[in-house]
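What the sequence shown shows, in the working numbering, is residues 1 to 235, in sequence order.
These are calculated hints, taken from the structure and not from any lab test. Each hint should be verified, as a subset may be incorrect.
[What the hints assert, rightly or not] Across the chosen pairs, the derived CB separations fall in these ranges:
1. Asn101 to Met233: 46 to 52 Å
2. Phe113 to Lys169: 19 to 25 Å
3. Lys179 to Lys85: 35 to 41 Å
4. Asn101 to Asp124: 30 to 36 Å
[Said to hold, decoys possible] Derived DSSO-like pairs (lysine-lysine); straight-line CA-CA distance at most 30 Å:
5. Lys95 to Lys221
6. Lys221 to Lys144
7. Lys144 to Lys95
8. Lys96 to Lys111
9. Lys195 to Lys47
10. Lys198 to Lys76
11. Lys232 to Lys116
12. Lys198 to Lys157
13. Lys222 to Lys76
14. Lys221 to Lys169
15. Lys225 to Lys169
16. Lys181 to Lys94
17. Lys47 to Lys33
18. Lys195 to Lys94
19. Lys76 to Lys111
20. Lys169 to Lys67
21. Lys142 to Lys235
22. Lys111 to Lys33
23. Lys47 to Lys198
24. Lys144 to Lys67
25. Lys47 to Lys111
26. Lys111 to Lys181
27. Lys49 to Lys142
28. Lys116 to Lys157
These numbers were taken from a predicted model, which means no experiment stands behind them. Each residue gets a CB set at the ideal place from its N, CA and C atoms; glycine is no exception.
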Amino acid sequence: MYKIFIIIFALFSNNLNAKESWREFNIQYNLQKSGITFAVSNNKFYKEKDYWFFEIISKTAGIMKLKEDHRFERSKFILSDNNLKTLSYVFKGKKKDKLINIRTEINEGKKSFSIKNGVEISHDLNKNWYDRLSVQIDLREKIKNGIYNNTYTVLDKGRERIYIFKYVKSEEIETIFGKTKTIVIHKIITEKNDKINKRNTLTWYAINHNFIPVKIEQYRKKSLKFTADISKMIK
């Protein structure tokens with residue numbers, strides 16, 4: 001089956017601008033390969049007390065539903081002095097009978113670590129770490145302010161990575177909103193040895209809809225693996 005990749009995107013609100021507080025949302029994507037939907041991804045952003053959470057649940061769908069592949073991710077963070085501070089990240093995956101559990105704790109200036117299936121991995125305490133969900137929220141805020149090219153140090157399911165985001169072009173595409181003006185951003189991933197990861201992504205951010213991602217294309221080198229389109233916003 002086609003491997004489900006968690007589609008990550010930033011927060012949504014109807015009249016949000018860069019100076020307003022974050023607002024909760026719940027949005028769904030359809031993942032397709034050659035026009036066939038093989039998975040759905042539900043993405044929820046919400047607040048509990050002083051903490052913000054970005055939660056993504058993905059599972060196989062359509063003709064691939066019998067080949068069970070369920071995934072859950074959640075990032076926990078706070079907004080401090082207008083800066084996003086990542087606190088923790090959880091990943092749980094189930095594919096047939098195989099289970100994967102990953103937990104990351106990020107402590108600024110102190111010990112940061114990940115535990116993958118019981119094995120602990122320590123991370124550089126001098127780096128400003130994001131996880132693979134929280135980085136997307138911070139990125140979108142920068143894009144809203146016209147800062148399109150950005151670089152982050154990211155703990156990607158316990159692996160130390162550098163995410164590089166670059167502006168590609170402006171483009172009008174058809175979405176659930178009709179004709180939609182977008183900005184296209186290319187994400188490149190580098191590993192600890194500076195080797196460029198084969199996986200890279202193009203994301204279309206809707207200019208007139210608060211820069212929410214409306215389309216994502218996942219590539220392995222130059223080969224398109226799948227496309228994700230926003231299908232609905234859940235109240």
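Structure-based check of each hint:
no., hint, result
1, Asn101 to Met233: 46 to 52 Å, "30 Å, violated"
2, Phe113 to Lys169: 19 to 25 Å, "40 Å, violated"
3, Lys179 to Lys85: 35 to 41 Å, "38 Å, holds"
4, Asn101 to Asp124: 30 to 36 Å, "23 Å, violated"
5, Lys95 to Lys221, "25 Å, holds"
6, Lys221 to Lys144, "28 Å, holds"
7, Lys144 to Lys95, "37 Å, violated"
8, Lys96 to Lys111, "34 Å, violated"
9, Lys195 to Lys47, "37 Å, violated"
10, Lys198 to Lys76, "28 Å, holds"
11, Lys232 to Lys116, "33 Å, violated"
12, Lys198 to Lys157, "17 Å, holds"
13, Lys222 to Lys76, "33 Å, violated"
14, Lys221 to Lys169, "19 Å, holds"
15, Lys225 to Lys169, "21 Å, holds"
16, Lys181 to Lys94, "37 Å, violated"
17, Lys47 to Lys33, "34 Å, violated"
18, Lys195 to Lys94, "29 Å, holds"
19, Lys76 to Lys111, "17 Å, holds"
20, Lys169 to Lys67, "37 Å, violated"
21, Lys142 to Lys235, "26 Å, holds"
22, Lys111 to Lys33, "41 Å, violated"
23, Lys47 to Lys198, "35 Å, violated"
24, Lys144 to Lys67, "39 Å, violated"
25, Lys47 to Lys111, "26 Å, holds"
26, Lys111 to Lys181, "43 Å, violated"
27, Lys49 to Lys142, "25 Å, holds"
28, Lys116 to Lys157, "8 Å, holds"
Against the hints set out earlier in the document, violations occur for numbers 1, 2, 4, 7, 8, 9, 11, 13, 16, 17, 20, 22, 23, 24 and 26.
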